[in-house]
Structures are given as C-alpha cells and as structure tokens.
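Participant: Protein chains in written order, with numbering that gives the first Met the number 0: chain A, 0 to 148; chain S, 0 to 148; chain H, 0 to 148; chain V, 0 to 148; chain U, 0 to 148; chain B, 0 to 148.
Hints were generated in silico from the structure; no laboratory data involved.
Be a bit skeptical, because a hint or two may be false.
Which copy? The list can't say, so a pair holds if one copy fits it or any two copies do.
Unchecked claim - Derived pair list, reagent style DSS-like, types lysine-lysine, alpha-carbon separation capped at 27 Å:
no., residue 1, residue 2
1, K60, K134
2, K50, K134
3, K50, K60
4, K32, K60
Number of protein chains: 6
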Amino acid sequence: MTVALEPRIGAQAMLLAMLPDEEQSERLASRLKDLGYRVVHGRVGAMDGEKVVAAMESAVKRARVIDGRLYREGHALYHAILDALHGVARGPLMFGEIHRTVGLKFAVVRGPGVAREPGDWIAVALYGMIGAPAKGFEHEALGLGVFHI
Amino acid sequence: MTVALEPRIGAQAMLLAMLPDEEQSERLASRLKDLGYRVVHGRVGAMDGEKVVAAMESAVKRARVIDGRLYREGHALYHAILDALHGVARGPLMFGEIHRTVGLKFAVVRGPGVAREPGDWIAVALYGMIGAPAKGFEHEALGLGVFHI
Amino acid sequence: MTVALEPRIGAQAMLLAMLPDEEQSERLASRLKDLGYRVVHGRVGAMDGEKVVAAMESAVKRARVIDGRLYREGHALYHAILDALHGVARGPLMFGEIHRTVGLKFAVVRGPGVAREPGDWIAVALYGMIGAPAKGFEHEALGLGVFHI
Amino acid sequence: MTVALEPRIGAQAMLLAMLPDEEQSERLASRLKDLGYRVVHGRVGAMDGEKVVAAMESAVKRARVIDGRLYREGHALYHAILDALHGVARGPLMFGEIHRTVGLKFAVVRGPGVAREPGDWIAVALYGMIGAPAKGFEHEALGLGVFHI
Amino acid sequence: MTVALEPRIGAQAMLLAMLPDEEQSERLASRLKDLGYRVVHGRVGAMDGEKVVAAMESAVKRARVIDGRLYREGHALYHAILDALHGVARGPLMFGEIHRTVGLKFAVVRGPGVAREPGDWIAVALYGMIGAPAKGFEHEALGLGVFHI
Amino acid sequence: MTVALEPRIGAQAMLLAMLPDEEQSERLASRLKDLGYRVVHGRVGAMDGEKVVAAMESAVKRARVIDGRLYREGHALYHAILDALHGVARGPLMFGEIHRTVGLKFAVVRGPGVAREPGDWIAVALYGMIGAPAKGFEHEALGLGVFHI
Chain A
0 MTVALEPRIG AQAMLLAMLP DEEQSERLAS RLKDLGYRVV HGRVGAMDGE
50 KVVAAMESAV KRARVIDGRL YREGHALYHA ILDALHGVAR GPLMFGEIHR
100 TVGLKFAVVR GPGVAREPGD WIAVALYGMI GAPAKGFEHE ALGLGVFHI
Chain S
0 MTVALEPRIG AQAMLLAMLP DEEQSERLAS RLKDLGYRVV HGRVGAMDGE
50 KVVAAMESAV KRARVIDGRL YREGHALYHA ILDALHGVAR GPLMFGEIHR
100 TVGLKFAVVR GPGVAREPGD WIAVALYGMI GAPAKGFEHE ALGLGVFHI
Chain H
0 MTVALEPRIG AQAMLLAMLP DEEQSERLAS RLKDLGYRVV HGRVGAMDGE
50 KVVAAMESAV KRARVIDGRL YREGHALYHA ILDALHGVAR GPLMFGEIHR
100 TVGLKFAVVR GPGVAREPGD WIAVALYGMI GAPAKGFEHE ALGLGVFHI
Chain V
0 MTVALEPRIG AQAMLLAMLP DEEQSERLAS RLKDLGYRVV HGRVGAMDGE
50 KVVAAMESAV KRARVIDGRL YREGHALYHA ILDALHGVAR GPLMFGEIHR
100 TVGLKFAVVR GPGVAREPGD WIAVALYGMI GAPAKGFEHE ALGLGVFHI
Chain U
0 MTVALEPRIG AQAMLLAMLP DEEQSERLAS RLKDLGYRVV HGRVGAMDGE
50 KVVAAMESAV KRARVIDGRL YREGHALYHA ILDALHGVAR GPLMFGEIHR
100 TVGLKFAVVR GPGVAREPGD WIAVALYGMI GAPAKGFEHE ALGLGVFHI
Chain B
0 MTVALEPRIG AQAMLLAMLP DEEQSERLAS RLKDLGYRVV HGRVGAMDGE
50 KVVAAMESAV KRARVIDGRL YREGHALYHA ILDALHGVAR GPLMFGEIHR
100 TVGLKFAVVR GPGVAREPGD WIAVALYGMI GAPAKGFEHE ALGLGVFHI
C-alpha cells in the first residue's frame, strides 16, 4: 500500500516510530533527510521515565538533530519529549512507580513547521507497548510532542 | 512507499487517522474490514471535549463498531476515547476552557488484541491540529487509547 | 448485619453517604450527632463540578456544620470537597466537559480527628453513580476528603 | 446497627475495606461469596505505589478473583486499582516520592454489574491512613475503582 | 527597603506582578525597558481560564512584547501562560468550573535568558487572589512560566 | 528601589525567597518578625520531591514556625508545600523521575491571613532554577502555597 502522508513533521515522525521493519524505517528516514529534515530514530525500554528521557536526549544530540550546546534547543526537545510521554502514559507520567513498563520506538524529526515563517520545529514521536512487567500482558501506546525550536 | 505495519489495531487506527487522503483512508479501512476488524473513521472539530466525545460515540455506535445497547462496550469505548484525548491534550484535558481549539480526524478499530486469548479490544486514534482559534496558529497533535471490550 | 466501624469521621461519613435507605441514614446521622459530631447529608446531581461544589457548600453552611462567616472554615470545607471529587473523577476533575454525568449522595461529618489534640477535622464523603448521560450506562464512584478545620 | 447496602459491588467492596474488625470482614466476605461474588481482602502498606499495585495484583490472582492467565482480566484489574489509588492520592499518584506513606486495607469484589447484561465487573476498594511517616500524623483516605472485566 | 533582584526575567516579572502600587509598577517596568527588555503588565479577573488566557494574549500582542503575526512567538507565550496558571491553580487548571474565582495582576517580560546564547526568553508572572466568589473568602496565589521564544 | 508590598504573607514569602542577597533576606526576615510573623528561609536542592519536602518540614519545625507536635499544623504545612511545588513543577510533581533537577530557595511565613478573623495562615514560597542536570541548562521556576493553620 502506498502512503502519501502530508509533509507534516508530526505525522512523519509518528509513522517512522510505528514502522515495524528496520529497513522501511531507514528508507523513510533517508527520504526525510533528502527533503532537508534532520531525523533520528531508535529504541528505548525502561521502567522509569528518567531513563526514557535521558536515552532520547542523548540519541538526539549525538545525531545532531539539535545542537547540544544550546539550552534553547535542549529546552524545546525536553518539552516535546514530555508531551509525547503524556500520550504514552495517559494520566500520571509514571511507569515503574505504578508497576508498569514500556518498550518504545522513538523518532525525532526537525524542520520547518506548518506555519509559513522562519524557524524550525521539532516533533518527537513514541510508539510501543505498555503493560505489566510480563510478556504478553501489554498493549500499544503512543504519543507525539511538537515544539518550536 | 509501501507500508506494512504489523497487524496491531493501535498502529492501524493511528495510520488511518493520519492519512490525509480520503481515498487512501477508504482503502485502508476496507482492507481492515476484510481482515475481520470493525472500523469507522471521520472528522470532528470543536472547542470543547464534550462535543468531541459525543460525536465519536455516536459515529462508533452508528457504524456498529460497538453494540450501543451494551454498557460494557460503551464503557470500553469511553475510556479509549479519554486515553486518546490525553495524547492530544498533553496535560489538562481542556480545549476551549484554556483558549485552544482542535480539528481532528478519528479512527476506531475493533478486533483481536495482541494477547492470544478470546475477546476483542478497541483502539481509538485521534490526529489533527491543535492551537489558537486562528488559522495557521496551530500544530499537530495525536493520541491513542486501547481497551479490552 | 451489625457494623461497628471505628469512630473515625471519614469511615462514618462514607458509610452515611453509601446507605441507600433514608431511614437508616437518619439513624446513623442521629447517632453521630449524639456523640458530639456535626453532621449533614443530602443529594446532588449535575453535569458540572461547579454545581456540585456550590450545592454542598450551601447545605453544609445551612446545617451549621461549619460557620459560614469564617473563611478558614470555608477553606477547609472547600479543600475537603475537592479531595472527595478527586476520588469520584479519578483523573481530570471534569464531568459534563468530558460527556459524563454524576448523581451523588454526600455526607459531611465534623468533629475531633484521629490525633489526640484540640481542634476539629472535617470529612466530606461522596457516593453515587457516574457515567454517560443515559440511564443504566453508569457505575459507582466515591471519594473522601479530610481536612483540619 | 443493621446495614442493608444495596447489592452494588462498589459499596460492598468499600464497606469490606472499611470494617475494622477481621471477624466482621470475614462474615461480610462469606455472605458476598454465598451470593455468587468472588471476593478477596487484605492489607498493604508502603511508601511506593509500585508495591501497593503489585501486592494487590498478587492477592487477587492467588484468590482466583481474576484468571491470572488472561490479559484482559489483568487489564481490568489494573485500571480498577489505579482508579482506587486516585481516590487515596487525590492529585499526584505519589506517596514516598512526596514524603507521605499509606497503610491500607483493600477489598476486591467481582460479579455482575449494575447494568442488566451479561459479563462481570470488578470493584477495587481501598481504605486506610495516609500521612507523614510518623505515627499519629495521618488521616483517613479511600478510593474505589470499577471496571468491566 | 532597597531590592536588588538579580537581572533574571522571571524574578523581575514576578516582582512586577506583586507590586501593589501602580506608580511603583510603572517605575520598575520603565527600568526594565531601559535595560532592553520588552515589558507589559495589567490586570485580569475572571471565573474561567479562557478569558484569562485571551486577555493576556491580547495585551502582550498589543504591547508588541511578542510579534502577533509569528506563530512561534505566540506558541512560546501560550505555554508560558499555561505554566503560570499551573502555579495559580495548583492542580486542576480550573476556576469557575470548580466554583472559585481569580483576580490577577500579570506581568510579562521578554529578553535574554540565563544561558549565554542568542535568542530571547519570555517570562509570564501572575499574582492575585483566588477563592470563593465572595469578598474576603480568598487567599493569595501566583505562578510563573518561562519559555524560549 | 523602594518596595512596599502590601502586608500579605504570600507576597512577603515570595519576595523573601527571590532575594538573591543573604543580607537583604535577613533584613526582610527580621522586619517580618518584628511585625509579629514567624519566618524561616533557606535553601534546598535535589532531584526528588521527597527530599525537598523533608528538608523544608525539618527547617520549619526547627525554627518553630509550626509546632512539630501538632498534626494539624504539620498538615497545613504539608499542603502548603505541595501547592508551592505545583507552581515549580507545572504539571507532573516530578523532578529526577523525568530527568530534571531543582535548586530552590524557600521562605515560610506564618501569621494572620487576609480575612479579618482569628487564626493564623501559613505561606510557603519556593524560587529557584529547574532544568537538565547540567549547569546552564535551566530556567527559573517558583511557586506559592497558602493554607489556614
């Protein structure tokens, strides 16, 4: 099936996070980079939000999707991550603390926003499984955060 | 680009909600119905959560994705909708009350869950734009709720 | 069945709110008044929290369970009501705004707290049905708030 | 005093959690079992929500109130526990993290819901003391969660 | 008493919002403008968050503290306002909906942030009285939001 | 610049928490004590809310701003601290759990409230920096809690 999502960074990031096949993910990431976006994707699994946030921040800086020396870029990324986590957690932003665990794929896309004005926006998408710390006792969860950078 | 998302109802619902082209949406919905899922999708835009919830409940019952006479099915749908709204709202579950508005596409998919056990699950996906009540002053938002039915 | 709850104002208020029979309620309320507690109970049903709060505040002041001229007593009552509503709402403190309605019995008990020290405490208990604005599509909900006065 | 609560699983579970006398609790639990309900009650005290959730999940499965092999039953139980914890916590779902501790009695009742339709519901009730980690510096708190199973 | 707050935009905005004397406020606002900051302050009172947000957005744009034609500036302002409201509301972001009202002074300061890097930050401070809709039954509340612009 | 804040305990506590100069802080604290208020201020920095709450409770009791043997005074203080933390956290009441850290100055003032009636109120103010656990990647945050004692 051919998918032609509008060139919106949120939908592209979400699609990238949901693709189950690494080869497909790479192809989509490449295509987005060709269009001028900065892109990174990866996996993170943990029982505490701290590790999820820290792992994503590291990956995003390492891939130079944001400039790790600039606080304002880190600030935008942080808020986009928290917003995405709200979608995953749906209520209290807690995982192990309330006896549940997450295994997530993340995708971060940076580029022009919807508004026709200068300046980048950043989209952080999370997709994965959330549930009891027992195989098979889990269902899908996802979230998206979008911020001006 | 060919997309082969795993047959997970959450990812399918999210993709359906994100497809910008009605023809594509119809094709994906048909394919899911062929696989035995019950599916409905549509649009809802409002400044208050009450209308979003009510509009979706009506559409889902009308399409017989749930049996509107059974409270337990309505209860599962309601919680899946609220969970999806958490992803859209990211914090207080409010729209007009804090001077923002949403225009959303929704998709609801019902069928077997991930666990290999009898009984359906329902996935509610929302995708759209959220922002100030002024054209162009808005960004993407989305959410997903998954419940046993 | 004979019930001998410890003389704790929270449990007494909750029991009073849950008793389905007005005669039983009156008997429990009388017994608590005989023990020196100030007590009021009643019913409130609405789709918005504002009416629930306002109706309870009026009833409690009218029954002189608090002195309506003293802000500190009103402040204690207000926070006890909000805490009880948290138990009923379990997440966003919203009813009609997210398309659900409540029909509640409330009970308020004022008297010495658990700690052996001077000064009263106030307990606000709520019990009732929450659900879709359609008969039979609802389940039980309850909450309790306890504050020093 | 003779108490005849309506046969509603939420009120019954709450009453069971509030009864201070183990003999009385056993009698109420027996009576509910005779009526066809599945019932378990016990105590849990901790400074972190994780232990409260885990201890209750274990007790409920061990007593076969739910079938621990079915994800959908575990999913219903989990959400009912979280809802009950919202009533106890009244705001952030945190205990030790914000320097407070809880000692709780829990009661779980499973059986037909209010709606006249097939399928069980589960009610989780919590009652106890919440406060500073110092004897006597605590007050009552309680909560109830009700879910279709 | 002579006050020499560090040149931090948050503390300056908070002080400006707390000054009870309009003459003093004008003097502090002038001094901040002389230092290169963009500043606006005013009053807003309402029972619903929507009016508070809308009134502040209008005032800030009218005073050209942000460029009302740029979405990214409006987005930063919006999030700073919401953060400040969290401090005022301390829990649910609701006022009239839970039967309380606010009368607030606001101050908005825009300029360089703490980090030594290019780009402005915006600070939104709110200070006032919150309480029952009855004179004298209210206490102080305040909040601050700080965002990169 | 001469500042004449109205004699409101919240504004005074907030100002005291924001003053960057210890000498100025001491002078303001002395002046408030001369007016009959009980006052304490200090610093607390941590990645978890538990330590922030515990450190403040100890300092306030040690300075005899509340009587540590009375639960009702501890209860008022606890709720005022939580309210102030809501302003600092603006959303989930979490710090290290979501990979951020705080360094705060606190000030607590106890005395007559705004209402002309007997009985003290307590104001807890927090001011400081919140951000990534990396120097310079942080911005200002503050909060205030006010309770009857």
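Participant: Of the hints stated earlier, which fail here?
Facilitator: As far as the earlier hints go, not one is violated by this structure.
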